[in-house]
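Asker: Below, each chain spelled out in residue letters.
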Amino acid sequence: MLIRDAFKTSVRSLTHGKMRSVLTMLGIVIGIASVIVLMSIGQSAQQLILSQVQGIGSNLIFVVPGGSGNGKFSAPASAQGIIITSLVERDADAFRREPSVTAAVPEVRGVAEIVYGSNSANISYEGTTEQFFEVRNLPVGKGAAFTKSDVDSGAHVAIIGPVLAKTLFGQNLDPVGKTVRIKDVSFRIAGVLAKGGTGAFGVDQDNLVIMPLTVAQKQLLGITYYGDVVVEASPQYDIAFVKSRITFALRQDHGITDPNKDDFTIRTQEDALSILGSITSILTLFLAAIASISLIVGGIGIMNIMLVAVTERTREIGLRKAVGATDTDILQQFLIESVILTTTGGVIGVLLGAVLVALVYLGVTTFGGIDWVFAFPLSAVLLGLGVSTISGLAFGIYPARQAGRKNPIDALRYE
Amino acid sequence: MIDVRDLKKEYTEEETPTQALRGVTFSIDDGEFVAIMGPSGSGKSTLLHLLSFLDRPSGGVYTFNGKSIDDMDDRELAHVRNKDMGFVFQSFNLLSRLSVYDNVEIPLLYSTIAPSKRQSLVHEAVASVGLEDKLYVEAGRLSGGQKQRIAIARALVTDPNVIFADEPTGNLDSVSGLQVMEVLASLHKKGRTIVLVTHETQTAEFADRIIRVKDGMIESDKAVTKHHRGNVPLK
Chain A
1469 MLIRDAFKTS VRSLTHGKMR SVLTMLGIVI GIASVIVLMS IGQSAQQLIL SQVQGIGSNL
1529 IFVVPGGSGN GKFSAPASAQ GIIITSLVER DADAFRREPS VTAAVPEVRG VAEIVYGSNS
1589 ANISYEGTTE QFFEVRNLPV GKGAAFTKSD VDSGAHVAII GPVLAKTLFG QNLDPVGKTV
1649 RIKDVSFRIA GVLAKGGTGA FGVDQDNLVI MPLTVAQKQL LGITYYGDVV VEASPQYDIA
1709 FVKSRITFAL RQDHGITDPN KDDFTIRTQE DALSILGSIT SILTLFLAAI ASISLIVGGI
1769 GIMNIMLVAV TERTREIGLR KAVGATDTDI LQQFLIESVI LTTTGGVIGV LLGAVLVALV
1829 YLGVTTFGGI DWVFAFPLSA VLLGLGVSTI SGLAFGIYPA RQAGRKNPID ALRYE
Chain B
466 MIDVRDLKKE YTEEETPTQA LRGVTFSIDD GEFVAIMGPS GSGKSTLLHL LSFLDRPSGG
526 VYTFNGKSID DMDDRELAHV RNKDMGFVFQ SFNLLSRLSV YDNVEIPLLY STIAPSKRQS
586 LVHEAVASVG LEDKLYVEAG RLSGGQKQRI AIARALVTDP NVIFADEPTG NLDSVSGLQV
646 MEVLASLHKK GRTIVLVTHE TQTAEFADRI IRVKDGMIES DKAVTKHHRG NVPLK
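Same order as they appear, the protein sequences are chains A and B.
Counting the first sequence from 1 gives a position; the working numbering is that position plus 1468.
Counting the second sequence from 1 gives a position; the working numbering is that position plus 465.
These are calculated hints, taken from the structure and not from any lab test.
Hints may be right or wrong, so weigh each one.
Derived BS3-like pairs: lysine-lysine, alpha-carbon spacing no greater than 27 Å straight-line [as the list claims (entries may be wrong)]:
| no. | chain 1 | residue 1 | chain 2 | residue 2 |
| --- | --- | --- | --- | --- |
| 1 | A | K1476 | B | K582 |
| 2 | B | K599 | A | K1476 |
| 3 | B | K599 | B | K548 |
| 4 | A | K1874 | B | K473 |
| 5 | A | K1646 | A | K1634 |
| 6 | A | K1486 | B | K599 |
| 7 | B | K548 | A | K1476 |
For clarity, every value in this text was computed on a predicted model and none was experimentally measured.
Here chain A stands alone, though its shape is the one from the complex (with noise of 0.2 Å):
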């Protein structure tokens, strides 16, 4: 039997049965939207992350106390909440040595509660040198940043985030000059970040206070260590050169032999990214993975209905038989009606994907104020109309196997 024909004979069959044939499809339809839909989240989110943390520089390297093993996504000790008090100024005044290097930011983080008059809030708090504003990207709007003289002097200054300023100083009042108190110890406030939102990792940059990093060492946590350094190479050299030049160093000053012990993890904007890009490929995989659950349910109420059909149509097959047709050309015919149902779900399938994922970009963008990318990938595409074939295959091979093997006598005496 040509093709042509099976597949004309498989359409007239399941035209005969609109409703039955719409209603198969639908387990497959929801299958399919439900992957494209989750694909495409999870791609959105992706390129959000990754756009946030290219936004912090491709020139920055972060060190940070610990070692963290060999392994890709094995955390730096500090970052599981351990106490590492290795880094410190020395560690610093290395790096700033190192002519590659332009400049070493070293910060330190707590969280406190932030207090003026009647209005109080919960903050995290960072205590950094005057570089970090140019460094990390986050210009002073209102006021003035503090100043090399402020860090060394261990100046009672801070600048706060646009919407704490808001939070406790009210839309009509002038934050900058104000004193506020944070664990008993007061600042004034110098000035206020000019733009907020969630900065890379997560940062709330809009409730974020900053102060000169003597003071939140000494006054706020009492520590003499680093939580981390942020260090900027100079656009002359290679990132990796630089990187490596400052593990060179930091072994060097804390008598490190065995690269196995080192007791310090660098990480650079490349090496988040990748870390990021795996996680969330990871978590795309995952979503991915969810949805196909209602491929497979969908599989097999395809599988159910062919079965069904091939009872019905016993006759139909006998006679088929009777008149010349062979074991292959009925399982053809049944095997192509299985795979036009499932790759027409798949179309309809994709296509309702895309309209969900439009109404997701809509109500995210409009309502949730978050610059979210729309992200409709072909492989997502691809992989829906590839599953759904192969779905059809996969699940109409059974039925079609057993009307083939029908034996045309019992068939056409089939009542």
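Based on these hints, arrange chain B on the given structure of chain A.
Answerer: Frame of chain A, contents of chain B only:
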């Protein structure tokens, strides 16, 4: 054309073997009109199924057009059924949701005949049973007699050597039955071989020869006296 020697068929139902045919021997030549008669359970339908390649014998030798069924695989049997045999069933076996045209075209879908020639072959076959005005009518809307004539058209469309008819008048009233038998008789006159299974004497008398089967064996094999063919109501 058809030659059977000591043909046997045994079925096993619930572990009990049943001998439907116990060694049947006869030949049918090209252009013959043979009726196979016998009471219910005599083995006549089993014999027709074996002759029409719908089933394989348990023993004996069946040669069709000089070739033994034992030398053919299932694919070849299907090819011979399509090219050399036509089938007419008691219950018509038309696909009621399809048009007359589509029903008659079915055997051509499995043949090696070029798609461009199909339309004219379907038209010719339907015209030969006098129902060309019903070509695009849904098969389910036809009367019983019309359905059986369309089934004959479907059997003719590949221009087979032999037509096997299993109780073709069994589901018809006498007038329709007569019309169907006249169609078969006219096909025979044009040189077609017809093998008919029936338990009705009047229907069998359209044949040249009647083979009577009883308890899985041939009871008699005689030529028919032609004096009243076509003049007797069938039911």
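Asker: For a C-alpha distance cap of 27 Å, please report whether K1476 of chain A and K582 of chain B respect it.
Answerer: With Cα atoms ~18 Å apart, K1476 of chain A and K582 of chain B stay inside 27 Å; holds.
Asker: Regarding the pair K1646 of chain A and K1634 of chain A, is the alpha-carbon distance no greater than 27 Å?
Answerer: Distance ~13 Å between K1646 of chain A and K1634 of chain A Cα, so the pair holds.
Asker: Within a Cα-Cα threshold of 27 Å, do K548 of chain B and K1476 of chain A meet the stated pairing?
Answerer: holds, 22 Å
Asker: Keeping to a limit of 27 Å between CA atoms, is the pair of K599 of chain B and K548 of chain B held or broken?
Answerer: Given pair K599 of chain B, K548 of chain B holds - Cα atoms ~25 Å apart, limit 27 Å.
Asker: Is the hinted pair K1486 of chain A and K599 of chain B satisfied, with a Cα-Cα distance of at most 27 Å?
Answerer: Holds, at roughly 26 Å.
Asker: Between the alpha carbons of K1874 of chain A and K473 of chain B, is the straight-line distance 27 Å or under?
Answerer: holds, 23 Å
Asker: Holds or violated: are the alpha carbons of K599 of chain B and K1476 of chain A at most 27 Å from each other?
Answerer: holds, 22 Å
This entry satisfies every hint, going by the numbered hints stated previously.
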